[in-house]
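Chains as they are written, first to last, in my numbering: chain A, 11 to 336; chain B, 11 to 336.
Check before you lean on any hint, since a few could be wrong.
Same chains, same label: a pair holds when it works inside one copy or across any pair of copies.
[As the list claims (entries may be wrong)] In the DMTMM-like style, the derived pairs of lysine to aspartate or glutamate whose C-alpha atoms are separated by at most 25 Å in a straight line are:
id, residue 1, residue 2
1, K227, D249
2, K269, E179
3, K169, D21
4, K328, E14
5, K35, D201
Just so you know, the hints here were simulated from the structure itself, not pulled from any lab data. None of the values given here were measured: they were computed from a predicted structure.
Protein chains: 2
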Amino acid sequence: MKHEILYLSQDDVAATGLTMAEIIKAVEQGFEEMGNGRVEMPPKPGVHPGEGGDNFIHAMPAYIPAMNSAGVKWVSGYPGNPAKGLPYINGLLIFNDTETGLPKAVMDCSWITAMRTAAASALSAKYLARSESSIIGILACGVQGTTNLEAMNVLFPLKKVFAYDTLPEQTATFTDYAQNVLNLEVEIVEDPKNAVSGCDIVVTSGPILKVPHETIKAGWVDEGTFISCVDFDSYFSRDALNQADKWSTDNLTQYNHYKDDMGYFQNCPPVYAELGELVTGKKNGREAENERTFAANLGVAMEDMAVCPLIYDLAKKKNIGTWLPL
Amino acid sequence: MKHEILYLSQDDVAATGLTMAEIIKAVEQGFEEMGNGRVEMPPKPGVHPGEGGDNFIHAMPAYIPAMNSAGVKWVSGYPGNPAKGLPYINGLLIFNDTETGLPKAVMDCSWITAMRTAAASALSAKYLARSESSIIGILACGVQGTTNLEAMNVLFPLKKVFAYDTLPEQTATFTDYAQNVLNLEVEIVEDPKNAVSGCDIVVTSGPILKVPHETIKAGWVDEGTFISCVDFDSYFSRDALNQADKWSTDNLTQYNHYKDDMGYFQNCPPVYAELGELVTGKKNGREAENERTFAANLGVAMEDMAVCPLIYDLAKKKNIGTWLPL
Numbered sequence: 011m012k013h014e015i016l017y018l019s020q021d022d023v024a025a026t027g028l029t030m031a032e033i034i035k036a037v038e039q040g041f042e043e044m045g046n047g048r049v050e051m052p053p054k055p056g057v058h059p060g061e062g063g064d065n066f067i068h069a070m071p072a073y074i075p076a077m078n079s080a081g082v083k084w085v086s087g088y089p090g091n092p093a094k095g096l097p098y099i100n101g102l103l104i105f106n107d108t109e110t111g112l113p114k115a116v117m118d119c120s121w122i123t124a125m126r127t128a129a130a131s132a133l134s135a136k137y138l139a140r141s142e143s144s145i146i147g148i149l150a151c152g153v154q155g156t157t158n159l160e161a162m163n164v165l166f167p168l169k170k171v172f173a174y175d176t177l178p179e180q181t182a183t184f185t186d187y188a189q190n191v192l193n194l195e196v197e198i199v200e201d202p203k204n205a206v207s208g209c210d211i212v213v214t215s216g217p218i219l220k221v222p223h224e225t226i227k228a229g230w231v232d233e234g235t236f237i238s239c240v241d242f243d244s245y246f247s248r249d250a251l252n253q254a255d256k257w258s259t260d261n262l263t264q265y266n267h268y269k270d271d272m273g274y275f276q277n278c279p280p281v282y283a284e285l286g287e288l289v290t291g292k293k294n295g296r297e298a299e300n301e302r303t304f305a306a307n308l309g310v311a312m313e314d315m316a317v318c319p320l321i322y323d324l325a326k327k328k329n330i331g332t333w334l335p336l
Numbered sequence: 011m012k013h014e015i016l017y018l019s020q021d022d023v024a025a026t027g028l029t030m031a032e033i034i035k036a037v038e039q040g041f042e043e044m045g046n047g048r049v050e051m052p053p054k055p056g057v058h059p060g061e062g063g064d065n066f067i068h069a070m071p072a073y074i075p076a077m078n079s080a081g082v083k084w085v086s087g088y089p090g091n092p093a094k095g096l097p098y099i100n101g102l103l104i105f106n107d108t109e110t111g112l113p114k115a116v117m118d119c120s121w122i123t124a125m126r127t128a129a130a131s132a133l134s135a136k137y138l139a140r141s142e143s144s145i146i147g148i149l150a151c152g153v154q155g156t157t158n159l160e161a162m163n164v165l166f167p168l169k170k171v172f173a174y175d176t177l178p179e180q181t182a183t184f185t186d187y188a189q190n191v192l193n194l195e196v197e198i199v200e201d202p203k204n205a206v207s208g209c210d211i212v213v214t215s216g217p218i219l220k221v222p223h224e225t226i227k228a229g230w231v232d233e234g235t236f237i238s239c240v241d242f243d244s245y246f247s248r249d250a251l252n253q254a255d256k257w258s259t260d261n262l263t264q265y266n267h268y269k270d271d272m273g274y275f276q277n278c279p280p281v282y283a284e285l286g287e288l289v290t291g292k293k294n295g296r297e298a299e300n301e302r303t304f305a306a307n308l309g310v311a312m313e314d315m316a317v318c319p320l321i322y323d324l325a326k327k328k329n330i331g332t333w334l335p336l
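Sequences and hints are given; from them, build the entire structure.
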């Protein structure tokens, strides 16, 4: 009999019903493995079609023995896509049988990317935010603003959201979700300072820029706040960043590559810890109520490979997807 | 409307009817682009599940602007698979729209890998073998032995094949193909020397080994012979290799990585030329009747990306494959 693989479209992946809580748990297990040096994750190479070098298609391979997961995510980011009515991020993930190397599944990676990125933010917050955090500021209320809110809401007793965005339509969708699905109080703010000062947790999730727009100034971030910089350091003035007591990332090798070879993260604080070090207890998380703590997670292939076996198992159990001959 | 992608199984890919002659032409165009520095091809990273480190799954991304092709091949090699009745090489190729980054197709890569590898051998032979070559020796008559014979037969007036293999069943299949499909005279030899001496072209296509078995000794290779070492340097004693007048490869960066970082190609002759340099005329091919010329091509992602647009176009034209929502 011919070997068969399972194909899952973006709708199929979402239809598996995998919850954010389950994704956070899987990503945490993955970071524990990574923190203990038990994940194989080579650098992610890519190609850059088109003019200007802003388009990318990256190969993100990883192997997590403890989770019996190996595969690659092949993900593109084209900044010009939204103007064409197409998503910025697109791609597929191939999930392999670690025993034979044969592909077991091909699945759309957009949903997984959105969810696991937010899960990593929440995981950083688990170790770096105050556990009673209830007030959150979201700057840029798109896909990542929304999924980050969802993920933080799993781990923290959130009550109130200060939402900042320059696109009213995006803010409306976000507000509807926060109020009616997550049952949170939302206040839309016109001054970005009001989505930072007075918040326990802040998520910046705008466009990633090599030259930061530095909207957030020194003095805006209160003592005791945790910030997840989903858009790298784009939102922060250097003076504001230098108020950080702890500046962390998900993977130091990749962080240094982005900093030294690609020009991001210039004049940022030194990295205090990798997320794997926090999860394994090799480095302490928050140590005082008044610390300003930051996570600048770049996203790693391990996260995708930690999540995709759960998607695969649920899809098989629920008869979701299309079986295809190899 | 949802974006759709085309899925092509291994049978679908073969059913497109793309010919070896067309594949050689596409691979030659790709090497011309590469020789002129117009291909983006980062190093191929991979993961290595299982004990011992012999298993691999590699990501092979490439972008060829002139051929409007970008994508990745995610290909595994598990030496233990044949004992389980599974192929050694398995994998999928994702072909992307260079304008939007969206995937256009996912296809099985086994057929493409087998064909394009042989096409590169024949292309090296086009520049390094004598044009009137009619006698060929094939050492190891498996998939690569067979496709290499097919590819050489496209470019050279082959008449006679000396076939050496230790597996009688494999030799029988090979012989049947060579005689009845390619109409060549086949002589099965028990002494490997008889598949080397007296031949115009020799292809070694056995298992790739870090410690070469060195079956072929100094003095076996006649003057004027071209050798394609599909299995790297595994077949050759160092003395035999040192009789090479020209030792070439497909990509020097990758060759040096295999040599310096992975332990292959120890004590081999210095590389005279990359295949792209031969195709673009930056280096001369064969310059004298009596030169012993060698190609040790390792296989590059560019070749896959040069071939897959042709497969895609033919499949669409012939209504082959399965359309799936992204």
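Legend entry - Violations among the numbered hints: Hint check: 2, 3, 5 fail, others pass.
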